[in-house]
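A.B. asks: Take a look at the letters that make up each chain.
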Amino acid sequence: GESVGLHLPTLSVQEGDNSIINCAYSNSASDYFIWYKQESGKGPQFIIDIRSNMDKRQGQRVTVLLNKTVKHLSLQIAATQPGDSAVYFCAETGRRALTFGSGTRLQVQP
Amino acid sequence: DTAVSQTPKYLVTQMGNDKSIKCEQNLGHDTMYWYKQDSKKFLKIMFSYNNKELIINETVPNRFSPKSPDKAHLNLHINSLELGDSAVYFCASSPSREPLYNEQFFGPGTRLTVL
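Residue numbers (our numbering), protein chains in the order written: chain H, 539 to 648; chain D, 681 to 795.
In short, the hints are calculated from the structure, not lab data. Here a beta-carbon is modelled for each residue, glycine too, at the ideal position from N, C-alpha and C. Warning: the hint list may mix true and false statements.
[To be verified] Have a look at the derived ranges for each label pair, beta carbon to beta carbon: (1) 594(H) / 718(D): 28 to 34 angstroms; (2) 608(H) / 735(D): 31 to 37 angstroms; (3) 685(D) / 556(H): 34 to 40 angstroms; (4) 647(H) / 718(D): 41 to 47 angstroms; (5) 589(H) / 738(D): 44 to 50 angstroms; (6) 591(H) / 683(D): 26 to 32 angstroms.
[To be verified] Heads up, simulated SDA-like pairs for lysine to any residue below, C-alpha to C-alpha not over 20 angstroms straight-line: (7) 580(H) / 692(D); (8) 689(D) / 753(D); (9) 689(D) / 578(H); (10) 724(D) / 645(H); (11) 720(D) / 645(H); (12) 720(D) / 637(H).
I would like the entire structure built from these sequences, with the hints used as guidance.
C.D. replies: If you want it as structure tokens, here you go:
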């Protein structure tokens, strides 16, 4: 499944499927991008980051893709698990401070 | 073992009161932050301190005053609380003042409810 935009949509996927969460960022001067995961009642937790001189970075079960031409960032989660259920935020930064998008809620159905 | 801790976790208070939220990090980081998360989950930076020096002060009412007694602590004091202050407040820290290439570590949050 996929989601788009900086508002808070909900993406619902079946356990074991791949998830794609999208983010459109605003500042073309941003040099660094981070995806955070926020579980209910907890603070945001770092998942993966990418610098502007890259277009893809892979972690364990997660991949971040960056398209600077259209200012678009995506997070791909492979084999989504119930523990992946959370709100996911993209964040961008230049030299001043992180600017967060409003997040996407991922619900994993068993 | 908690890297970034906040107290209290929940705070319920009446309009007009003054309250404080405390934050401590044991990561040895130089920079600490306060964020506000509204009911729609939107996270916005309020303040940033580097080695006890204020480096970011976004458009926040002057009823909010951060205080950093040392680089491991950043407290948030709020005067004359208003209904609109109800939110979850997150403290965070990072290794240096430059947000570039620096992961921020977040505390568990303080849910403030103003009645």
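A.B. asks: Does each hint fit the structure? Answer for all of them.
C.D. replies: Hints, one by one, checked against the model:
no., hint, result
1, 594(H) / 718(D): 28 to 34 angstroms, "holds (33 angstroms)"
2, 608(H) / 735(D): 31 to 37 angstroms, "holds (32 angstroms)"
3, 685(D) / 556(H): 34 to 40 angstroms, "holds (36 angstroms)"
4, 647(H) / 718(D): 41 to 47 angstroms, "violated (28 angstroms)"
5, 589(H) / 738(D): 44 to 50 angstroms, "violated (25 angstroms)"
6, 591(H) / 683(D): 26 to 32 angstroms, "holds (29 angstroms)"
7, 580(H) / 692(D), "holds (18 angstroms)"
8, 689(D) / 753(D), "holds (16 angstroms)"
9, 689(D) / 578(H), "holds (14 angstroms)"
10, 724(D) / 645(H), "violated (24 angstroms)"
11, 720(D) / 645(H), "holds (17 angstroms)"
12, 720(D) / 637(H), "holds (16 angstroms)"
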